[in-house]
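**Student:** What follows is each chain in one-letter form.
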Amino acid sequence: DAGVIQSPRHEVTEMGQEVTLRCKPISGHNSLFWYRQTMMRGLELLIYFNNNVPIDDSGMPEDRFSAKMPNASFSTLKIQPSEPRDSAVYFCATSLNPGPHNEQFFGPGTRLTVL
Amino acid sequence: SQQGEEDPQALSIQEGENATMNCSYKTSINNLQWYRQNSGRGLVHLILIRSNEREKHSGRLRVTLDTSKKSSSLLITASRAADTASYFCATENFLTGGSYIPTFGRGTSLIVHP
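From first to last, the protein sequence lines stand for chains A and B. The numbers in the numbering used here rise by one with no breaks, and the one at position 76 of the first sequence is 76. The numbers in the numbering used here rise by one with no breaks, and the one at position 32 of the second sequence is 32.
Accuracy of the hints is not assured; some may be wrong.
[Said to hold, decoys possible] Far from chain A, some chain B residues (derived; all Cβ distances over 12 Å):
# : residue
1 : I13
2 : T67
3 : K70
4 : S71
5 : S73
6 : V112
[To be verified] Over 12 Å on every C-beta distance to chain B, these chain A residues come out as not near it, computed from the model:
#  : residue
7  : E11
8  : E18
9  : R22
10 : S31
11 : Q37
12 : N52
13 : F65
14 : M69
15 : T76
16 : K78
17 : Q104
18 : L115
[To be verified] Label-pair restraints from in silico Cβ distances:
#  : chain 1 : residue 1 : chain 2 : residue 2 : range
19 : B       : T64       : A       : S66       : 37 to 43 Å
20 : A       : D57       : B       : G40       : 35 to 41 Å
21 : B       : G59       : A       : G3        : 20 to 26 Å
22 : B       : D66       : A       : R64       : 28 to 34 Å
Quick caveat, the hints were computed from the structure, so don't treat them as lab data. Given the structure is predicted, the values throughout are model-derived calculations rather than measurements. Backbone N, C-alpha and C fix where the C-beta goes; we use that ideal spot for every residue, glycine too.
Please model the entire structure based on the sequences and the hints provided.
**Tutor:** In structure tokens, the structure reads:
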């Protein structure tokens, strides 16, 4: 298995533009997590899916952020409109199921820069 | 929700020395996990210790858990330059509906000088 795949790896955009980040989970993993990492705030959980259903989106900063998981092999995180303060590294991680003994497998991340 | 707090924030040592990082948390846990993040990469799972375990080993890694003090430590013995990375502890948070999700601290940045 290739692991968790994220695209693009780097994204530079201008303020106000729509940004779509993509994630392909490890086959068979039922839980998918979107994180944002910055120097100031560390690693923040944005949203968590289980069996393609959003379970907890309390970490999504505001309505400009939305996430979908239309099927077990694909998820998107969209920011519309983007702002400079959205600049961060966005990680997708997956696990077999949400149990407390399951490790998470992280993708390589998407480094987003909003000018 | 609770979040593990790593200490120290940064650690700089010479190759061959041991590195010790600590994690403290606030509420009872079922398990605690340690992850490593190399610069520009995603986090990689290192080891999981359950609440009924006091110590666990994996290669040069030794993890201890003291539930009475609500703390854990990660010891890397005979460190190598390749151990340079950030290290995170993750405690689980219980969500309504029966799900547990790991919550990460801010990490300890370890630099091992060759």
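**Student:** Does each hint hold? Answer for all of them.
**Tutor:** The hints, checked one at a time:
Remark: the non-interface label on I13/B is consistent with the geometry, its nearest Cβ contact in chain A lying 22 Å away (cut-off 12 Å). Residue-level check passed: T67/B sits 15 Å from the nearest beta carbon of chain A, beyond 12 Å. The non-interface label for K70/B is consistent with chain A: the shortest C-beta to C-beta separation is roughly 16 Å, beyond 12 Å. Taking the minimum C-beta to C-beta distance to chain A, about 19 Å, the non-interface status of S71/B holds against the 12 Å cut.
At roughly 19 Å, the least C-beta separation between S73/B and chain A is larger than 12 Å, which holds for a residue marked as non-interface. The claim that V112/B is not at the interface with chain A holds, since no C-beta of that chain comes within 12 Å of its own (minimum 21 Å). Listed as outside the interface, E11/A is consistent with that label: its C-beta sits roughly 15 Å from the nearest C-beta of chain B, beyond the 12 Å cut-off. Non-interface status of E18/A relative to chain B is upheld: no Cβ of that chain comes within 12 Å, the nearest being about 24 Å off.
The Cβ of R22/A lies farther than 12 Å from every Cβ of chain B, with a closest approach of about 15 Å, so its non-interface assignment holds. For S31/A, the requirement that its beta carbon stay farther than 12 Å from each beta carbon of chain B is not met, with the minimum near 8 Å. Distance check for Q37/A against chain B: the nearest CB is about 9 Å away, which does not clear 12 Å, and the non-interface claim fails. The Cβ of N52/A sits about 14 Å from the closest Cβ of chain B, beyond the 12 Å cut-off, so the non-interface label holds.
No beta-carbon of chain B comes within 12 Å of the beta-carbon of F65/A; the shortest separation is about 18 Å. At the 12 Å boundary, the C-beta of M69/A stays outside the reach of chain B, the nearest C-beta of that chain being 15 Å off. For T76/A, the shortest C-beta to C-beta distance to chain B comes to about 18 Å, beyond the 12 Å cut-off, and the non-interface label holds. For K78/A, the non-interface assignment is confirmed: its Cβ lies about 21 Å from the closest Cβ of chain B, beyond the 12 Å cut-off.
Taking the minimum C-beta to C-beta distance to chain B, about 6 Å, the non-interface status of Q104/A is violated against the 12 Å cut. No beta-carbon of chain B is positioned within 12 Å of the beta-carbon of L115/A; the least distance is around 21 Å. Distance hint check for T64/B and S66/A: the Cβ-Cβ separation is about 42 Å, which falls inside the suggested range of 37 to 43 Å. Checking the proposed 35 to 41 Å range against D57/A and G40/B shows it is violated: the Cβ atoms sit about 27 Å from each other.
Distance hint check for G59/B and G3/A: the Cβ-Cβ separation is about 21 Å, which falls inside the suggested range of 20 to 26 Å. For the pair D66/B and R64/A, the supplied restraint of 28 to 34 Å is violated, since their beta-carbon distance comes to about 42 Å.
Hints 10, 11, 17, 20 and 22 from the list above are not met by this structure, while the remaining hints are.
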